[in-house]
Structures are given as C-alpha cells and as structure tokens.
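Chemist: Make a model of the complete structure from these sequences and hints.
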Amino acid sequence: MADRKTPKQQVTDAASVAWNTLPWRKLEQHVYRIQKRIYRASQQGNVRKVQKLEKLLMKSEAARLLAVRRVTQDNQGKKTAGIDGVKSVSPAQRFPMASQVHPKNWKKVKPKPVRRVWIPKPGKAEKRPLGIPTMLERSKQALAKMALEPEWEAKFDANSYGFRPGRSCHDAIGAIFLELRYKPKFVLDADIKGCFDNINQEALLQKLQTYPTLRQTVKGWLKAGVLEAHVFTPTETGTPQGGVISPLLANIALHGLEQVVTSVCRKSEVKPTLIRYADDFVILHTDLTKIQQAQARVSQWLADMGLLLSPTKTKVRHTLDPHEGESPGFDFLGFQIRQYRVGKYHTGKSTNGTPLGFKTIIKPNKEAVKRHIRQLKEKIRRLETISQGDLIGAINPIIVGWTNYYKTVVATKTFSQCDHHLWRQLVGWCLKRHHRNRSRKWVRNKYWKHIGNRMAFAASEKIKVRWHTETHIQRHAKVKGSASPYDGNLIYWAKRLSEQTPAMRSTVARLLQAQKVRCAGCNLYFRDGDMLEVDHIIPVAIGGDNTLNNKRVYHRHCHDEKTAEDWKLITEFKAAGINDK
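Each residue of the sequence shown is one higher than the one before, counting from 1 in the numbering used here.
Hint data in this document are derived by calculation from the structure and do not stem from the laboratory.
By construction, the Cβ of each residue, glycine as well, lies at the ideal position given by its N, Cα and C atoms.
One or more hints might be untrue.
Claimed, not checked - In the SDA-like style, the derived pairs of lysine to any residue whose C-alpha atoms are separated by at most 25 Å in a straight line are:
1) Lys495 <-> Leu27
2) Lys87 <-> Gly220
3) Lys127 <-> Ala278
4) Lys127 <-> Asp197
5) Lys379 <-> Glu470
6) Lys87 <-> Lys223
7) Lys155 <-> Lys480
8) Lys551 <-> Glu565
9) Lys495 <-> Gly521
10) Lys370 <-> Leu431
11) Lys446 <-> Val427
12) Lys377 <-> Glu470
13) Lys121 <-> Asp280
14) Lys223 <-> Ala98
15) Lys446 <-> Arg466
16) Lys52 <-> Leu205
17) Lys78 <-> Ser88
18) Lys363 <-> Lys377
19) Lys370 <-> Gln417
20) Lys155 <-> Leu205
21) Lys413 <-> Ile473
22) Lys36 <-> Ile491
23) Lys495 <-> Arg40
24) Lys370 <-> Lys407
25) Lys407 <-> Lys464
26) Lys449 <-> Ile463
27) Lys121 <-> Gln375
28) Lys462 <-> Trp448
29) Lys219 <-> Ser99
30) Lys183 <-> Ile361
As the list claims (entries may be wrong) - Label pairs and their computed distance ranges (CB to CB):
31) Lys449 <-> Tyr182: 48 to 58 Å
32) Asn546 <-> Gly452: 12 to 22 Å
33) Asn198 <-> Lys112: 19 to 29 Å
34) Val534 <-> Lys495: 18 to 28 Å
35) Arg510 <-> Arg341: 36 to 46 Å
36) Ala394 <-> His420: 14 to 24 Å
Modeler: Structure, rendered in structure tokens:
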C-alpha cells in the first residue's frame, strides 16, 4: 500500500506543480518585448518613455516571477545564504517572495546588510571580499537589473566588454588585435585600484538618472552595510561585490571613460582607442604624447568618481620596441600581446600603406601558464591514493576549461609545453603508487595505453586524460560594434552562442547546433547568461545510452523539471519490476 502523504507534503507538492506549470515561455517573451522597447527608447534619448517602461516592467508579475526563478533556481549562488541563513527557497515560498519583490513594498522594508565572504584571488595570496545579500534582496536586484540593463546597453561604449550580456574577454582581445594589426603603438596598460570598494556612491547615483523610487532603492543597497562575524560595518563608498546588480552599477560608474580619452585630440586627428574590461583597460595610440595626455585626463576623471589608477600596475609600453626599460608588449586578461619584427626588411610600406616588417602575436602569458601547471601539480599530488579513473575525472575539467579559454590565440606551442609537464607529473604519480620497486616498463603497461596514434594515460578507452593539444585552435569573431542582445536580432545572438563561445564544451556546441540554439524543454532561444545543462532523453537508469543522439541541452530550470519527470518514470519502472535491460 502506498505511503500516505501528510497535509504539509500535499501542499508542497501542489505548490511545486503550480510553479512548474506556469507559462514560463509567455512570461519570458512578455518581459523581453518590454526590454526591447526600453532599449529603443534609450537609443532615441526618450528619458520619459524609458522610465515609464521600466516602471511597467518592474510592476509586471511576469518579471517578478522570472526574477525569483533566476535567483532561486538558475544562478550559481542559489544555495549561498545571506545573513538570514536562507540557503534555498521551495516552490511554496517562491510565490510569496514574488509578491514581496513588488516595488510598492520596497519603501516599507529597509535592505538588510550583506554577509561578508572572502575568496582567494587566482595565483595570489590576497583575498577578494564578497558581499552576499539575502535571497529576497537578490530577487529585488535581479528585477531592477532587468529594467536598467536594456537602458544602459544602449548607452555603453562600444569598446566596453566586461560584465555585459553577449560580450566577453575574448571580444576585448579581438578588439586589441584589430587596433594593432596595421601599426605598432604605445599602450597605457592601466588598472584601477580597488575599483569596487572605492566608487563614490553619490556620483554613481547622480549618473544613474533614474526615477526616485528606484534611485532610493539602489541607494539603500549601497548603504546597507556589511556583517562579518556578527560585527556591522557601514558602507560609505563602493558597491558590494557579490550582488546581482553590482557589476552593472560598476559599469555605469565607469561609463564615459572613452569620451574622456578621445577628448585629447581634435576632430581632424586620429583619436586614441580605449578598450575596457570591467576595471582593467588599455589606451592605444601611435603618439606617446597623446597617451600621456590621456592618462592625465583619465586620472582627473576617476578622481571625481573616488577612484585612482594603481601606480604599480599602470605602465606605458610599446607593442614592438622596448620603452623606458620595459620589454615590448603587454599583458591583458591573462594574454600576452606583443609584436615581433619579421622578414628581411623591417621598414617600408605595402601598396595600401600598411607598414611591413612585423606581426602581432597574442598568446597565453607566462604567469597564467605557470599558474596552470602548478594547479595541476598540486591537484595530482593531493590525489596520490585515489584510483586512476578518479584522478582523470578530477584533472580533465581543469585542462578543458583552461585550454578552451586560450584556444582562440597562438597557443599550440604552449599547449604542447603543458602536455610535457603533465606527462612528467603523471609518471611521478604512477611511480609513487606502491610501485617504487617496479620497472618503468611495468608501470607504463599498467597505466598507459595506445589509443589512436598516441600513448594515453587511461583506465580504459573511454576514461583517459584529455591532453592540452587535443583542443584545436579556433579563432574568435569579435562582437559586431555596439550590438546588444536587446536589439531584437535573436538569430544573430543564438548563432553566436553556438559558434563563437570559446569556453563552451564541444558537446554542448554540437547539441546547440542540432537544436538550432533552442532549449529542448521550453523551445525558447538560448540567450547569453543562461545556465545550460545537458541531460539524456531516455535516462541511463532505464536503458538510455550515453551517445550524442540521446542527449539534449536545457535551461537549468527546464532541466530541473526534466529531472523530476525522469525520477517519476524510473520509480514506475522499478515498481513494475522492469530493469534497465
């Protein structure tokens, strides 16, 4: 006899069904239509229409439900608690939360302080402070971001790439290559010191130029304070890193930097080019004097925002020749950008006026390579006692992620060097596993196999190490000009997502192309920022195979629904006595 459910369980199940059966596809389409209207109104400079549409969006039930779903189901930090200790929100609690997210309730409740969490910076002993808001505040911020982002996407500089939908660090590197392909240039490689922590909040709110209710709400988030070890600290400057809306606010604070840089030249002169990714930026020009003038104006402009350039990290270099004791080239976002002299003649011009005698090479910088090799070494050393298959499962994601990031540049030689170091590390791992008295030939036969045309560190034909050189170089096409996901060109953005996303796994990319970049659950186009997950059409537990034909890509929330349905199916099979054969 089936177990009877308690009234509480029945209510929970009913709420879960009600939440999952909401017309999410229609809700997303409704919100996106309003966002497109905000984007176009902002392009036209119609401030009144922009604010009216933002109010309409934030009051709509569709946007509030989507904001709650994004925070409680989609975001990676969905199980991270704020100061209230709430780590997850059940479907029964999501409907009341959606009503609390309504802007009419914002004035009644003062924002709670954020919980301070410290995370290590990659490759450094320093730690970065994060401020984790409560689930409710994150939902409010997600709703505000839905309204503000389309407005500012229409205003942001074309060469701003960090923390923006549809743009990545690879687009910034592509923009630098296009600027350097014809002429060597001087470069101001700049870094803003403690950008997120020192932004002048009043200057930011003044630049925001939104309607009073939203302005007061944003001010409340900025002034909410930090709680660390039961000690409250007020926040008089900066934006809390870790909030949903914080990256957007930081971009708004730095908006206008490009106009300051170009103002050092007259209309008839060639203007310096600024390329920015979050708080890191470079300024490129052939004239050293213009670079120095731009640096002075940028420093003055940043001072008004409460910011200053880091004296140790801000340097002037040249892309082809040494300058003031500094070697040619510069590092940006983990890449080394440098020009090399080539050919018999180092001077002269071609028929179209292009200087000859140099080429621009972009490759992984030395520190990034050292950090990656060290990470693999420490990982392998810590896992001396586990099985070969488990070790392969632990290091393969590290290798795939790193090579996918750098596969868009000149990295073949670097990948080969990394494979050499990895080979030696794996040989050392084998010799330490109680085989000190065994010969190297015995160790090789036990842990290494001939697969294809090369030796592989493998437990079987399917479980093997993914060498760095197995990732092929794939050039990245830079995003078009000032294009934005809110411009309505869904086909361009969907195609770009499947073909021009370097960090994406090859399996996901193939499935996206087969599905025409639509979710297998809701049939909506995938958009930048969506969390994608792969699942089997027929679960493996009831006879499904692991081939590509039995896999589909889903939104994370659609995947949650699919998983729940699969468990019901598996339970029915087991109850009927049907096994996976």
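Chemist: Indicate, hint by hint, whether the structure satisfies it.
Modeler: A quick look at each hint next to the structure:
Proximity of Lys495 to Leu27 is assessed by CA-CA distance (about 23 Å); at most 25 Å being required, the pair is judged to hold. Proximity of Lys87 to Gly220 is assessed by CA-CA distance (about 23 Å); at most 25 Å being required, the pair is judged to hold. For the proposed pair Lys127 and Ala278, the alpha carbon gap of about 18 Å is at most 25 Å, so the pair holds. Straight-line distance between C-alpha atoms of Lys127 and Asp197 comes to about 13 Å, which keeps the hinted pair within the 25 Å bound.
Between Lys379 and Glu470 the alpha-carbon distance is near 21 Å, which keeps this suggested pair within the 25 Å criterion. As the CA atoms of Lys87 and Lys223 are separated by approximately 24 Å, the hinted pair is consistent with the 25 Å bound. For a cut-off of 25 Å, the pair hint linking Lys155 to Lys480 stands: about 15 Å separates their Cα positions. A distance of roughly 16 Å separates the Cα atoms of Lys551 and Glu565; the hinted pair therefore holds under the 25 Å criterion.
The suggested pairing of Lys495 with Gly521 holds, with an alpha-carbon distance near 19 Å, which does not exceed 25 Å. At most 25 Å may separate the alpha-carbon atoms for a hinted pair to count; Lys370 and Leu431 meet this at roughly 24 Å. Between the alpha carbons of Lys446 and Val427 the distance comes to roughly 12 Å, so the proposed pair stays at or under 25 Å and holds. Taking the CA atoms of Lys377 and Glu470, the gap is about 20 Å. The hint holds against a cut of 25 Å.
For the hint linking Lys121 to Asp280, the alpha-carbon distance of about 15 Å falls within 25 Å, and the restraint holds. Between the alpha carbons of Lys223 and Ala98 the distance comes to roughly 24 Å, so the proposed pair stays at or under 25 Å and holds. Using a Cα cut-off of 25 Å, the hinted pair Lys446 and Arg466 holds, with the two alpha carbons roughly 18 Å apart. Between Lys52 and Leu205 the alpha-carbon distance is near 19 Å, which keeps this suggested pair within the 25 Å criterion.
About 7 Å separates the Cα atoms of Lys78 and Ser88, which keeps this hinted pair within 25 Å; it holds. In summary, the hint linking Lys363 to Lys377 is supported, as the alpha carbons are separated by about 22 Å, within the 25 Å threshold. Annotation: proposed proximity of Lys370 to Gln417 holds, straight-line Cα distance about 11 Å (limit 25 Å). Taking the CA atoms of Lys155 and Leu205, the gap is near 16 Å; set against the 25 Å cutoff, the hint holds.
In summary, the hint linking Lys413 to Ile473 is supported, as the alpha carbons are separated by about 11 Å, within the 25 Å threshold. The hinted pair formed by Lys36 and Ile491 meets the criterion: a straight-line CA distance of about 15 Å does not exceed 25 Å. For the given pair, Lys495 sits about 23 Å from Arg40 by alpha-carbon distance, which is consistent with the 25 Å threshold. A threshold of 25 Å between alpha carbons decides the hint, and for Lys370 with Lys407 the separation of about 17 Å falls inside it, so the pair holds.
In summary, the hint linking Lys407 to Lys464 is supported, as the alpha carbons are separated by about 21 Å, within the 25 Å threshold. Our distance criterion of 25 Å between C-alpha atoms is met by Lys449 and Ile463, whose separation comes to about 11 Å. Restraint check: the Cα-Cα separation between Lys121 and Gln375 comes to about 14 Å, which is no more than 25 Å; the hinted pair holds. For the hint pairing Lys462 with Trp448, the CA-to-CA distance comes to about 13 Å; that is within 25 Å, so the pair holds.
With a CA separation close to 22 Å, the supplied pair Lys219 and Ser99 stays within the 25 Å bound. At most 25 Å may separate the alpha-carbon atoms for a hinted pair to count; Lys183 and Ile361 meet this at roughly 13 Å. A C-beta distance of roughly 49 Å is found between Lys449 and Tyr182, which places it inside the suggested range of 48 to 58 Å. Range check, Asn546 to Gly452: Cβ separation about 20 Å, and the 12 to 22 Å hint holds.
Judged by the Cβ atoms, the range 19 to 29 Å given for Asn198 and Lys112 holds: they are separated by roughly 23 Å. Remark: the range hint 18 to 28 Å for Val534 to Lys495 is upheld by a beta-carbon distance near 20 Å. In this structure the supplied range 36 to 46 Å holds for Arg510 paired with Arg341, their Cβ-Cβ distance being about 41 Å. At roughly 20 Å, the beta-carbon separation of Ala394 and His420 lies within the given 14 to 24 Å, and the hint holds.
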